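**Q** Sequence:
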Amino acid sequence: MDTVFQHLLRFIDQDGNTRYGEAGSTTDPAELVGASIQIFEGSEPWDSGFRASSTHKVVKEVLSPLQTTPIFYCVGLNYRKHIEETGGEFCVIIGRPCKDLDSSQDVRPYILGYTVGNDVSCRYWQQRAGAPYSKSFDQFGPIGPVIASAKVVGDPGNLHLTTKVNGETRQDASTADFLFNVDEIIKFLSRGRTLAPGTVIMTGTPSGIGMAKNPPVWIKDGDVVEVEIEKVGIIRNKFVVPLQREVRL
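Using my numbering, the letters of the sequence shown correspond one by one to residues 1 to 249.
In case anyone wonders, no lab produced these hints; they're calculated from the structure.
Hints may be right or wrong, so weigh each one.
Claimed, not checked - Under the rule of at most 25 Å between Cα atoms (straight-line distance), these lysine-lysine pairs were calculated in the PhoX-like manner:
| no. | residue 1 | residue 2 |
| --- | --- | --- |
| 1 | K220 | K238 |
| 2 | K60 | K99 |
| 3 | K164 | K231 |
| 4 | K231 | K151 |
| 5 | K164 | K135 |
| 6 | K60 | K135 |
| 7 | K151 | K99 |
Computed from a predicted structure; not experimentally measured.
Whenever a hint applies, use it, and build me the whole structure from the sequences.
**A** What follows is the structure in structure tokens.
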């Protein structure tokens, strides 16, 4: 879909107001804080009235690029070298409602843009309660910090992706390794269901996850995970493990 932004940032300004703004070529959250950027008018980026203003505001705090999302879809085993802890993912964000798209239709008018995701899993609970439960805890699945427009990204099927833990590269891959491309994924997910604006589709994580190593390497309290995708951006998260209460299942 046509968008008025290149790299869209959601942030808190110096006056404490939540805004959308144009990050331009700066997609590292550490570099965005303190920057003065052009803001947009309108409540959500898929609204018809969403447009650029002449006002600039200073970024005080970087937020998730979406205030809410109706649903996250996660595609498993979508990299040929992954035939999974933490996994960098290329994410698609839907901008227009779509349903039952057939093979001849173009999916691009329905895509708001792309962002970076960190598919966090609690392997303890994945083994006991399944993947959806293990990925659905508060603050799991961080995305951002920006939404890159389709016109900036170009071909989503040829982007370099890296995941680093405390500066050590754990994943180094390309979306060219996809088994199912963005077009195929959106059409499959739209069968019999409406993909609403704000829907996030995580397209899968490449090889290099900690669980697959021998011996396994787990994320620990205080670890910093950094996921970067060419033309899209970089997300950096510090893992803080809360105190655990005994849970029986």
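**Q** If a hint holds in the structure, say so; if it does not, say that too.
**A** Now for the hints, and whether the structure bears them out:
| no. | hint | result |
| --- | --- | --- |
| 1 | K220 - K238 | holds (10 Å) |
| 2 | K60 - K99 | violated (39 Å) |
| 3 | K164 - K231 | holds (17 Å) |
| 4 | K231 - K151 | holds (10 Å) |
| 5 | K164 - K135 | holds (20 Å) |
| 6 | K60 - K135 | violated (29 Å) |
| 7 | K151 - K99 | holds (23 Å) |
Of the numbered hints given earlier, the model fails hints 2 and 6; all others are met.
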